[in-house]
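Line by line, the protein sequences are chains A and B. For the first sequence, the tail end lands on 113 under our numbering, and the numbers increase by one without skipping. For the second sequence, the tail end lands on 1473 under our numbering, and the numbers increase by one without skipping.
Bear in mind the hints are in silico, worked out from the structure with no lab data behind them. Mixed in with the good hints, there may be bad ones.
[As the list claims (entries may be wrong)] A partial selection of chain A residues facing chain B, derived with a Cβ cut-off under 10 Å: (1) V46; (2) T102; (3) F103.
[To be verified] Sample of chain B residues facing chain A (criterion: CB under 8 Å; computed from the structure): (4) G1401; (5) L1404; (6) G1417; (7) V1419; (8) P1420; (9) Y1423; (10) V1447; (11) H1463.
Values in this document were obtained by computation on a predicted structure and should not be read as measured data. Even glycine gets a Cβ: it sits at the ideal position worked out from N, Cα and C.
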Amino acid sequence: KNEVEQSPQNLTAQEGEFITINCSYSVGISALHWLQQHPGGGIVSLFMLSSGKKKHGRLIATINIQEKHSSLHITASHPRDSAVYICAVRFMETSGSRLTFGEGTQLTVNP
Amino acid sequence: NAGVTQTPKFQVLKTGQSMTLQCAQDMNHEYMSWYRQDPGMGLRLIHYSVGAGITDQGEVPNGYNVSRSTTEDFPLRLLSAAPSQTSVYFCASSYSSGIGSPLHFGNGTRLTVT
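Next up, chain A with everything else stripped away, as it sits in the complex (with noise of 0.2 Å):
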């Protein structure tokens, strides 16, 4: 069965903390996406990438091919970015565009 497991499942850090929430699949993918649901239940797309490295302000995405993991960093953690944080992949045998969506990661960054 194709899954998609994010960790931990609530997180809760200080302002000005380093961050990381992991992602981990159970078989090949095409592409993994990160997302960012907001408190009012919004969702925005933060990340997509299919191999190495990406960067956005203080938001680093990474990918291991080979282990099958990924992992969204922040840097200096606010409290603004309290928010659930999704990771979402296409496993390669999937047809079509259907992603398979973790259950996602609570962040709450205390002031």
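Fit chain B to the given chain A structure using the hints.
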């Protein structure tokens, strides 16, 4: 540029009632999709479309119908609502179904079926 617009934001239905969730995008995206989000589960694909006139089933299509008569619009129909369809629904679009296209999401519709 409005992006992806979903209406309504909230809806309460009684079992057996029908309704349509609207989704429109103004980015000329070919790919559009509907997801439902339930507690303790990841987003699950209901139906998707790779272009006007083309639709296909996702992971959880039962109880839902879709059509894609224009590039801009992708409505989701519940013909006879059931309590199991209580969920938050998201519409998403992307330029193409290819690997290099990020998803753009609507703000969601919270549906309660009593």
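Structure-based check of each hint:
At about 7 Å, the closest approach between the beta carbon of V46/A and any beta carbon in chain B falls short of 10 Å, and the interface hint on this residue holds. This hint holds: T102/A has a C-beta 7 Å from the nearest C-beta of chain B, less than the 10 Å allowed. Using the Cβ-Cβ criterion of 10 Å, the hint placing F103/A at the interface with chain B is satisfied: the shortest such distance is roughly 3 Å. Because the smallest distance between the Cβ of G1401/B and any Cβ of chain A comes to about 3 Å, under 8 Å, the interface hint for this residue holds.
Taking 8 Å as the C-beta contact cut-off toward chain A, the hint placing L1404/B at the interface holds, the least distance being around 6 Å. Look at G1417/B: its Cβ gets to within about 7 Å of chain A, closer than 8 Å, so that hint holds up. The beta carbon of V1419/B comes no nearer than 12 Å to any beta carbon in chain A, farther than 8 Å, and the hint placing it at the interface is violated. The interface hint given for P1420/B is broken, as the beta carbon of that residue sits about 12 Å from the closest beta carbon of chain A, more than 8 Å.
Below 8 Å, beta-carbon pairs count as interface contacts, and Y1423/B has none with chain A, the closest being about 16 Å; its hint is therefore violated. Given hint, V1447/B at the interface with chain A, holds; its Cβ is 7 Å from that chain's nearest Cβ, closer than 8 Å. Hint on H1463/B holds. Least Cβ distance to chain A is approximately 7 Å, under the 8 Å limit.
Checked against the numbered hints above, the structure violates hints 7, 8, 9; every other hint is satisfied.
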